Amino acid sequence: MTRIKRALSLLSMAGFLVLACPAVPAQSIHLPPHEKFVLKNGLTVLLMEKRGVPLINLFAIVKTGTAADPAGEEGLASVTAGLLRKGTKTRTAQQFAADFDFIGGSFDAGAGADFSNISGEFLTKDLDRGLELFCDVLLHPTFPQHEVEKILAQSLDGVKSEKDEPQSVLGLYYAGYLYGAHSYGRPSDGDEISLKRIQRDAIVKFYEANYAPGNIILGIAGEFDAAEMRKKLEERLGSWPARTVPNTAIAVTPPEKGKRLLLIDKPDATQTYFAIGNLGTAVNDPDRVAIRVVNTIFGGRFTSELNEALRVESGYTYGAGSFFDSHRAPGPFEIYSFTKNETTVPAIDLALQILEKLHKNGVTQEQLASAKSYIKGQYPPTIETSSQLVRRIVFNEFYGLGDDEVNQLEARVDAVTPEIARQVIQKHFPLENLVFVLIGKASAIGPAVKKYAEKTDARPISEPGFWPPPAAVQK
Amino acid sequence: MKAIWSRYTVVLWLCVLGMAASPAWAQSREFPVSTRTLKNGMKVLVQPDHSIPNVALYIFYRIGSRNEHPGTTGLSHFFEHMMFNGAKKYGPGDLDKVMEANGGSNNAYTTQNVTVYQDWFPRSALSLIYDIESDRIRDLTFDPKKIASEREVVASERRLSVDNDNFGLLDEQLWANAFIAHPYQWPVVGWMSDIEHWTMEDLKHHFEMGYSPSNATMVVVGDVSPDEIFQLCEKFIESIPSHAPPPPVTTVEPEQLGERRLVVHKPAELPLLLIGYHIPQTNNPDYYALNILRSVLFQGESSRMYLRLVDKDQIALDVSSFVQPAFDPTLAILTVQPRQGIDPQACEKAIYEELDRVKASQISDQELEKAKNGRLVEFYREMRTISGRANTIGTYEVFMGDYNKLFDAAKNYSAVTKDDVQRVAKKYFGANNRTVATLLPEKEEKAGQ
Chain A
1 MTRIKRALSL LSMAGFLVLA CPAVPAQSIH LPPHEKFVLK NGLTVLLMEK RGVPLINLFA
61 IVKTGTAADP AGEEGLASVT AGLLRKGTKT RTAQQFAADF DFIGGSFDAG AGADFSNISG
121 EFLTKDLDRG LELFCDVLLH PTFPQHEVEK ILAQSLDGVK SEKDEPQSVL GLYYAGYLYG
181 AHSYGRPSDG DEISLKRIQR DAIVKFYEAN YAPGNIILGI AGEFDAAEMR KKLEERLGSW
241 PARTVPNTAI AVTPPEKGKR LLLIDKPDAT QTYFAIGNLG TAVNDPDRVA IRVVNTIFGG
301 RFTSELNEAL RVESGYTYGA GSFFDSHRAP GPFEIYSFTK NETTVPAIDL ALQILEKLHK
361 NGVTQEQLAS AKSYIKGQYP PTIETSSQLV RRIVFNEFYG LGDDEVNQLE ARVDAVTPEI
421 ARQVIQKHFP LENLVFVLIG KASAIGPAVK KYAEKTDARP ISEPGFWPPP AAVQK
Chain B
1001 MKAIWSRYTV VLWLCVLGMA ASPAWAQSRE FPVSTRTLKN GMKVLVQPDH SIPNVALYIF
1061 YRIGSRNEHP GTTGLSHFFE HMMFNGAKKY GPGDLDKVME ANGGSNNAYT TQNVTVYQDW
1121 FPRSALSLIY DIESDRIRDL TFDPKKIASE REVVASERRL SVDNDNFGLL DEQLWANAFI
1181 AHPYQWPVVG WMSDIEHWTM EDLKHHFEMG YSPSNATMVV VGDVSPDEIF QLCEKFIESI
1241 PSHAPPPPVT TVEPEQLGER RLVVHKPAEL PLLLIGYHIP QTNNPDYYAL NILRSVLFQG
1301 ESSRMYLRLV DKDQIALDVS SFVQPAFDPT LAILTVQPRQ GIDPQACEKA IYEELDRVKA
1361 SQISDQELEK AKNGRLVEFY REMRTISGRA NTIGTYEVFM GDYNKLFDAA KNYSAVTKDD
1421 VQRVAKKYFG ANNRTVATLL PEKEEKAGQ
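Heads up: the sequence lines are chains A and B, in that order.
The first sequence: position 180 = 180 (the numbering used here), numbered continuously.
If you want the numbering used here, it's the 1-based position in the second sequence plus 1000.
Chain B with its partners taken away, still in its complex shape (with noise of 0.2 Å):
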């Protein structure tokens, strides 16, 4: 699924989880993060930064399309732009208007696991960013007129990022496929026949059942005190009352026994192929060893996929993997651009092939080496700014249920070896366990009738 569903999003109109490796870095002492629990259940995480005069504050909720049912599909992303619409102090528009107007900047995203909003400003604005918070979390309305223009937005949204967008329209077939149970199956901004009959009962049901305090991490990064923010918790948001958490997602999918394939026809320039593999949640002993497996696969203009696909046999323009933090079994997805004319099938070989060479033999200590210096250097760049770092900080906290671990993942990544990564790969890239997904391109003249 396209992971990612948010409030906007900037279009080139012109033109994950960070992780660490080896013990040298990645101290919690040079990140040092506070942290206090409120009386309403919310967890608050502090890590004060003065290097900008900037906050980054961002609010998790561990509630997204996988909390949903058929027939409301798409209501935590929709829910997800509602929240800009309107509570009792500020009303419709008024959020965004004043926030703006005090230098602040904000947006949102939803996935299959959580909703999150993100707040961006300078730290005079703080109080002011609390009192919005604490606004519509507690006191959130519906406004009819606001529900009818919000779904035009959100439906153009889809046409955006599905309907007329190659990639995301075989990505959603493919979860869809992949997952005959589980609520993994359908797309998080929703079929659209679902985003046209929400109603205003469905709202509200669902900020009643997701949007208790108790379900919400809110991690705060930048110019600010642990104390000072405390304070402001204890004064605007402590007393929104809190409420039993989403009824827990109690569906397994079952064991896939067999690939599963699936064409879709559409005009376009070049055919398209996805692969999809289980694999476990993010809070799983494997999830560092397959970050590994896939560095020495697809990182680089030196990993084994490029070098076979784009390189040597250029039948690929670009290969590259994905997966995205999960509460439950996921996906591995592989990405695979064909070049014109070439039969996705021939991209599938070669990916099969070079799976086969990573199970039969162990891969090389430079390869290994090569993988772990590579995740250091990203996780780098996702802790040097107070943005990136609010985003780690809390996708840990929430997905591996401990913001500390982050400074574990060093040690993590040091002690996978060449063992695990061959072991990872004979377990989980077996053909049972895939999803194939191929878009053909179709001729013009076929797309009218």
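Bound conformation, chain A alone (with noise of 0.2 Å):
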């Protein structure tokens, strides 16, 4: 479900002369231990115990996302998440509000391409009362139709909401741009027309064929004896009976040739916001630890190349950078920024200067190490908590990856090389084949950024949908 998200709370995270050694001791970074068992219906479950705070984080994961999504039916896979909660066989919506309310605990279900999440947390000592409602709506929701209905026109109103702050919808743009009718290029959360076409029967539908236990991965973390937990598991899922679930596929685009550039026309806009990218990596992919390191470089701290050039050097604006967003099958690669209209052209033409030199000159061994000593010293507070690390371990399960993810991250950060940075370089970071996508103000920006792309297309950020223009709903 789409969130409105407000600028009440800043978004600050820290990750997200050079000296001759690296500043962190070796080998402090590690997960800790955990366990992993299947149930006979299938349903594979993750404990780790975590003591000092009484707290208890689960979060699973049903291995089927938005891609699963009928065409023309976005938003299916993200709605049915956001359904769970209102109305089981046992409790309204109002009655899980209140009782998860009552504890003070947090409860949220959505969508992503390749997977649909739940995620609960809630005192140790409510163990029992936040087990029993967490299984209560994964196992027996009911989808009332006057639910459906609320949750589908929230939904909708909620797209245009988000239109209304270009950043959050510019990675929606892009996407759509980038993969056209592919699965990625789908928006998650639906579009105006999509919203309208869902009906009860196919949100039913999707629970039954994939919210099966054996498409499942659950993850706990916290204060909590593992050998208890695993008992009442048995007891509230072990009966949930089995069935096969339908695999999605997702097909592999080839990256994009050429060049393309998509205006989104924003008429009020003052400042264009801006991406330029092309195809990324999928997030098990060989080079994926070499990619951040050079990532990391170009575009993903604040003194990487794209923010020294674009904010501290030129100040054409408060923030620029890149990254490549990994999935099953390769995800998107983001340049990304945004600048006052009457310095769009220039803040687009240094950034692509950059991914010049980037592509020209490689890294040195300098940056290597200044970015080596970065991702080590900055990752231990990204896997301090229970739900940062129930998280982590349900990912690397869910894509195939093990506890050498992060054992081994130290290691594999040290083996890279200035020769390997720049065959990874060629490799995945694009120069020549471009898309571009832009929000902003077309009447005073449209004719002078037609120069970057062969084709450029052109839609107001009012009309329905994002790329490609959906076609109507038919009555």
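No lab work stands behind these hints: they were computed from the structure.
Any given hint could turn out to be false.
As the list claims (entries may be wrong) - Only pairs whose alpha carbons sit at most 20 Å apart, straight line, appear in this in silico DMTMM-like list of lysine to aspartate or glutamate: (1) A:160 <-> B:1318; (2) B:1266 <-> A:268; (3) B:1312 <-> A:149.
To be verified - With the Cβ distance kept under 7 Å, some of the chain B side facing chain A (calculated, not the full set): (4) 1054; (5) 1096; (6) 1426.
As the list claims (entries may be wrong) - Non-contacting residues of chain B with respect to chain A, defined by C-beta distances greater than 10 Å in every case (computed): (7) 1071; (8) 1072; (9) 1106; (10) 1150; (11) 1166; (12) 1195; (13) 1207; (14) 1215; (15) 1231; (16) 1235; (17) 1255; (18) 1264; (19) 1286; (20) 1418.
Owing to the predicted nature of the structure, the values given are computational and were not obtained by experimental measurement.
In this text, a Cβ means the ideal position worked out from N, Cα and C, and glycines have one as well.
Could you fit the two chains together into a complex? Lean on the hints.
Below, the structure is given as structure tokens:
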């Protein structure tokens, strides 16, 4: 379900004279011990005891995400997840809210390209109650018609609300333009057209087809006793009937050739938001650690080449960077920034120059040493809490990665050389073949940005959908 | 006001004060804090935690937009940016490069009340961080080229968060109308025309005014021992001379004697509604009761406002409330995201009816207990990371006057009664005390005119 994000709280993330020796002691990064078992019905369970804070975090992945949304019904997986808490065999939506809120717990469910996710958090002393509630919505949702209508209407308004904040929707237009009809290009939370097509039938079918024990990984981390927890899970989830689940294949698209540009017109914009890039990598790409190191240098931290050029030296923007958003199949690679209308072209020109320099010069030994130190030094706070840890082990399980993903990170990072970096730049960072997506005031910037691509497209932001323009709903 | 203006924000390009409730948690022995006040007046709080080999080091300066004046609004926030742009030993650009090359990262934020500098680093970089911090507190420099480019950066930040953000824009207007005398009236980022006119003299004066070590509190949480921190402070920080604190802010906002209303017309898909009610500063006995009231009204999908506006009447997508830590009487802001095509006044009517309900009859025992449980979990969430703890310890020390009050919050929440909740509802949430800000979508054709 689309959330209405308000700029009330700052998203201040850590991550998110060059000295000779690396500053971080070796072998300090490792995953705490955890265990895995599979119930008779195929449900995979991961447990990690973590003492010190009396909280328990649950995180479940259903191995079907928005890639399984039927064409024209984008948002189905997301809405199905959102409806879990909106009525079960023994509770109304309001009763669930009252029960979960009473213990001070939090609950959330949604869907992304590769999977649907359900999370819950509560105090150790409320384990039985919290577990009962979590399992109730996972196993016994009823999708009441009036709740279905409510959530669809809210989601629809939610999409419109997101369009009032250009930086919130830039990624959606970008993915759409980059991927076209491919499932990764479709908006996970749906759009103004697709949400009108979704019916209760489809939601129930989606749940019945995909929410099966063999299709789920449930992780729990926090202050509890693993043996006791296992018993409770066997009791609550052991008799959930097994059934087979259709596999959602995700096609691998080849990268874009040539250059294309999409301009989304927001006539009152005084600032242009832009994204530039091409296809990136899959989660388990063998080059992933080297890519991470190179991207840290290029656009992945405050002193990155992109941010240095576009913010620190020129003052064009408050922020510029780049990232690889990896999925089961290759996800997007994106360079992003924003700048006032008048400096749109200089800023984009500069970003492209920095990209060219990366290909031409590669990265130096000094830059590598700095980036390695940064990645290693900034990593421990990303696995500090049981909430972070449970997600880490569940993702590892889902994507077929092991504990080494964490435990060997330092060694893998240290192994990256300038030559390896050069190969990785050549292979994974685009240069001549680029997709551009801009949100801004077309009357101010339209003519000037045509130079970036052989082919240009345009749409007003107020038109329903993202890209490709959706067909209208058949009445 | 958008509460926090920071050095950088992680924007999702794709996709408070911690509280306690029952006596069972939040014991001072669970989180032992050692303190020392340096000879130059800076107070240092250290809370060792060896669970990860990292450190969070925050410095809270008691200076913010409330210390500014018309013509130079936004200076505190601009200054915060300039604190990274070059000092004597670490010149322009060096601070970030050196810190990141040693595994560290940083940020900072400015509010109406304080400017806070945040460093996160592996303990191996401890001594280096102190070298960097002492350099800029003692010998910050102002390079005209840097001033020019950083001015553009701040303007870009303002455009991102206010000019091109409907919530930010409306919030700015709300504060400007709710306060007719006190400095909380103007935005932390500053009016655009003030951004364009700051001079080097303004910056120097601001540095002299606000950045005395005696005007700061340092909080260190993580893989350290108090002794080693105090030794580093002696070596790097203690000899930095102190001077007078900023002049006190003496303007008192006169009592608001009637409802104020404002409208903003802007291209938008959806309208927006913000209502601000005057409430006391953080360090006030009603603080805990007010937080409980807000939980009952807004926390979770079983809260009164959610049930009424989002679930039952279906006239809003979202409702929430927000209060920021403050030295002076401030606002409790209610935010409503109306559905498309809904008249925001329909949302107002529902809000006022629910407020009337909570004034007319007491909340239930269950609601009271639920609110306290919610605050308990929230407290643990704040305290379970070294950075959350640094922020919470620092915020209590600075705004409540004593970090130990963090461990009193438990019994203060326990002590809140249904009477208290009803009393604060009646006292603060009346019509004369409110400022109502509405954003109405303007048709696109008009935007070009």
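Results of checking the hints against the structure:
{"no.": "1", "hint": "A:160 <-> B:1318", "result": "holds, 14 Å"}
{"no.": "2", "hint": "B:1266 <-> A:268", "result": "holds, 8 Å"}
{"no.": "3", "hint": "B:1312 <-> A:149", "result": "holds, 13 Å"}
{"no.": "4", "hint": "1054", "result": "holds, 5 Å"}
{"no.": "5", "hint": "1096", "result": "holds, 5 Å"}
{"no.": "6", "hint": "1426", "result": "violated, 25 Å"}
{"no.": "7", "hint": "1071", "result": "holds, 23 Å"}
{"no.": "8", "hint": "1072", "result": "holds, 20 Å"}
{"no.": "9", "hint": "1106", "result": "violated, 8 Å"}
{"no.": "10", "hint": "1150", "result": "violated, 7 Å"}
{"no.": "11", "hint": "1166", "result": "violated, 5 Å"}
{"no.": "12", "hint": "1195", "result": "holds, 12 Å"}
{"no.": "13", "hint": "1207", "result": "holds, 21 Å"}
{"no.": "14", "hint": "1215", "result": "holds, 23 Å"}
{"no.": "15", "hint": "1231", "result": "holds, 20 Å"}
{"no.": "16", "hint": "1235", "result": "holds, 19 Å"}
{"no.": "17", "hint": "1255", "result": "holds, 27 Å"}
{"no.": "18", "hint": "1264", "result": "holds, 12 Å"}
{"no.": "19", "hint": "1286", "result": "holds, 22 Å"}
{"no.": "20", "hint": "1418", "result": "holds, 16 Å"}
Hints 6, 9, 10, 11 from the list above are not met by this structure, while the remaining hints are.
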